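K.L.:
In order, the protein sequences belong to chains A and B. FYI, our numbering numbers position 25 of the first sequence as 25, with every residue one higher than the one before it. To convert, count from 1 in the second sequence and add 139; that's our numbering.
Source of the hints: derived by calculation from the structure; they are not laboratory data. Take these hints with a grain of salt, some might be off.
Straight-line C-alpha distance at most 25 Å; calculated PhoX-like pairs for lysine-lysine [stated by the list, open to error]:
| hint | chain 1 | residue 1 | chain 2 | residue 2 |
| --- | --- | --- | --- | --- |
| 1 | B | Lys-577 | B | Lys-439 |
| 2 | B | Lys-757 | A | Lys-42 |
| 3 | B | Lys-577 | A | Lys-70 |
Please read all numbers here as calculations on a predicted model, not as lab measurements.
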Amino acid sequence: MSQFLSGSAVAEVSAHALSSNVVIAVAIGVLFSCGVYLLVSKNLIRVLLGFLLVGHGTNLLLLSSGTLGKPPIVGEDGELADPLPQAFILTSIVITLAVVTFLLAMAYRNYRLTKDTELDDDPDDVAVAARTEAAGGGE
Amino acid sequence: MSQGLFSLAGPLLLAYLAGAVFAPTLNRLFGRSTLLILAALPAATTVWAIALLPAALDGRYRQVSIEWVPTLDLTIDLRWDALAAVMTIVIAGIGTLVMIYSARYFPPGDDGAARYTGSLVAFAGTMLGLVLADNLILLVICWELTGLLSYLLIALRAGKQSARKAASQAFVVTTAGGLAMLIGAVMLGHAAGTFTLSEIIAAPPSGGAVTAAVLLLLVGGLSKSAIFPFQFWLPGAMAAPTPASAYLHAATMVKAGLYLFARFAPAFATIAVWQPVLIALGGFTLLYGAFQALRQRDLKLLLAYGTVSQLGLMTLLFGVGTADALLAGLAMLIAHAAFKAALFFIVGIIDTGTGTRDLTKLTGLGRQKPALFVAAVLAAASMAGIPPMIGFVAKEAGYAALLDAGTAGTLALILMAIGSALTVAYSVRFIWGAFADKPGVTTPPCSPTSRFMFAPVIGLVTLGTVFGLLPWLVAPILESYAETAGHTHEGALALWHGITLPLVLSVLAWVVGAGIFLVQRRREQAGDITVPGNEPGTVYRGFTRRLEMFAGRFTALTHRGSLPVSLGSILVVLLIFPGGMLAFSGAGPADVIWWNDPSELVIVLVVLALAIATTRSKRGITAVLLVGGVGYAISVLFIMRGAPDLALTQILVETITLVAALLVLRQLPDTALYEARPGNGVRLALAIAVGALMTALALILPGARTVEPVSAGMAGPAVDFGGGKNIVNVVLVDIRGWDTFGEILVLVAAATGVASLVFLHRRTGAAPRKPSVAAGYQAKPNQPSPWLTTNWMPRRSLLLEVVTRLIFQTVVIFSVYVLFAGHDAPGGGFAGGLIVGLALTLRYIAGGAFELGEAAPWDVGLVLGSGLILAVGTATGGLLFGGDVLQSTILKAHIPLLGDFKFVTSSLFDIGVYFVVIGLVLDVLRSLGAGLDRAAYLDQQLEAKR
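So here's chain A without its partners, still in its complex pose (with noise of 0.2 Å):
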């Protein structure tokens, strides 16, 4: 992250650098703005879409940070891509159906304890809140 935070790194632009592609950069951005919009939901099927989405965008962004070429197998002809953040991306592809499976059985929990798919607020927090008012009324 320093590295394009210090300016002098930016300046000269370093004999590895990569060439950024738009289109892939305005898909990852709109990936991410529709995951976000979804997310910021107390609606858990919609936070589920919104992770989904997310999870794309973040996948490309981690494929933009390594060379394109052939598929990394040795053998292919010419310049291979960048092997680990394919690696990278094929452990986060599996991740996201992991807590995606979890984040459905949560939807479908909450729904048969309230017959609602949206979260209510957290009691505790809640609870917090309106014990330090209590406290602070009664100063």
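Since chain A is already given, all that's left is putting chain B on it; use the hints.
P.N.:
Chain B alone, transformed into the frame defined by chain A:
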């Protein structure tokens, strides 16, 4: 043999640890007499220390060093010198007596005795560690441990709220000081270039940082020794059992601060802050404590305030810091340990005997218990500085030292003289309060005193008298310490110096003190003096109350309990800090191109259209399908950008996600996406801002690369050591295998979580078998199916049944191929496992819950567990064969007919991944599919009954 007996120091400390650990067990066997058994430990330490006294005197350096955390420069260094010897004997000697005394102080069968015994033994060991430590950090660690054990002892009667409050107050105050001390220790060690105490003291560093460091160390010492402004915790600590108070809060732990002053005085007494801070605060505390002691009616509190006062006096002496003052300070420390412990013991005897410590309710005890009375008078005489007690000798030495110490010394001398007079007054008050005949008060019956409780008193008083009469017994060791700071006067410690100014001051103190006592008695009888009502520490309590209030308000402000608000605030922080830094860094994209391939534009347009449509969608099922479409489109992007592994996995995952989402959504109403407060401008603005930030990042990041990717050199090793051509797969199972291992743990956790949320009572188990195999729920088959194992499904699809029948086995075999081929070609454990998952999904969709149970009749826990065990086994296998964790071994063989055969051990790891993924999908189908079916079915039954 150069270390001689001192090499036993390490094992000795370990013995204390063992004693503390086994104390509860011993207590179950021997009850309170455990304390008598364990008293052998400090007794042995005392003998050991006395045998080592000549070694402390010869000035030769003895050290035991045990390496602990080399990277932190942390060694368990123990050192033996005069100061350590004096402290060791005080701690171990009084510890022995305290344990003997405690063995009868507690009533038989007291449930607190076990905890008390363990804590006390641990405390004694830690305290020894503190005074023997030759490493600054080790000293701080022991320091904090004594505070913790003090907390446990004060809060021994945890049922009492006052005890808990007092304990936490003492703990917070001394720990806060300890924290300051830790910072000071690190700064000092840094400035000196070593954390070894003896080296720092031999060559003390100097400079502004060192002054600050020493000041911080002093704060730690002042808080521990209850010097103003930290004095208030000590009277509260009297909630501890009386022998614990005698030990911790009079004789030893509160001396830790003094020990620190004594330890550093030879090196740092010349630093500008040393004298003013310690003389001013010590002197004030001396007078404050004495005044408070005069007002107390509780004998134990009287002694507690007396302790505060005496600690102030000793701080004053160490604060002056000349060799003579240090000598007097250490002599005072010994004297105080002896007489104050004895007086606490006496209060304990009175308290357990009569049931009260209130001096207005006690009368005639002097006649009832003459021996106790005599012992108390001698101890109090030592406290008041009356010959022939050691307290008198120490005080004389103190006066003499201060007379010789310039302006600061003169000021200290005046404070000390006033304080001594007040000390005489409260000493008389103690004797009068505990033993005098008081008219109009009924005599409380005092039960007989155990020998075990009285003997320690006799021992301490005898020591105080003997040392007073024959000060040359202790003089050499004290001088050996004091000489490290310069020359002491010949015969500074003596009972009789002739008629000198110190003697005059002493006599004056006796006379004035007696006068103060008489005046104070008269005023008390007239009702002019009221018992202090409010406990000390008002400032502390006000501060902690406000802090708690602030914490509550802050929590209420930041934790609104609303998910969108919490998430939104995280995103706002993301925008403000990293986003703001990005904006102000002036960083920009390096080389911008529109696209690598024009077809990217088409795919991205599809992705964007689907994503935006998802946000506008009203129905859950539509939204899930749209999001699935985004995933499939992205997998096309993956292929185009040279990532076939990702594309394969993404397609498989997307399918399973889709199925899982549909399984859940069918149990939810059509209003699944309903929101009470639909999206507004704020949400939209936040979303667009985050998206813009991410676009900016995506544009800037690629150009910010300054070094060659680490993966550039992976191709060769992947083949040579990892035995695979597919570098992504080798990265997953070998190069970054630990990551993958963590990941499959997450999968197991998620699978377990899903099952827990659905089934609530049982997490493990298999999908339900068909009714003939295991009695599940009683459903009648509609029509038998010739294509599947089970024949129950309300709405059948013949095409699906036939297709399932035809391809299931083929797909499973294909998955095994993908699993093994993955090392050299796209595929691997993840993809293989997901393919099996899809095959199972097909069976479930075609035939329902029982069909799934027949297709995979295994306990899901076993599938997940065997996968984990395989992965762990492979990971540790490398270790067993002399390599690193997760190191691969390549086995090659030529098998006739089949051709060359190659097996890499990391394939086993991949098989583990394969099983875990199968387990996850199976658990999802079992829970979100079969489990939800069952719940819905039961609901229907319930409805029908009504």
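K.L.:
Take the hints in turn and mark each one as holding or not.
P.N.:
Results of checking the hints against the structure:
For the proposed pair B:Lys-577 and B:Lys-439, the alpha carbon gap of about 19 Å is at most 25 Å, so the pair holds. A C-alpha spacing of about 16 Å is found between B:Lys-757 and A:Lys-42, which places the hinted pair at or below 25 Å, so the restraint holds. Among the hinted pairs, B:Lys-577 with A:Lys-70 is inconsistent with the structure: their alpha-carbon atoms are about 103 Å apart, more than 25 Å.
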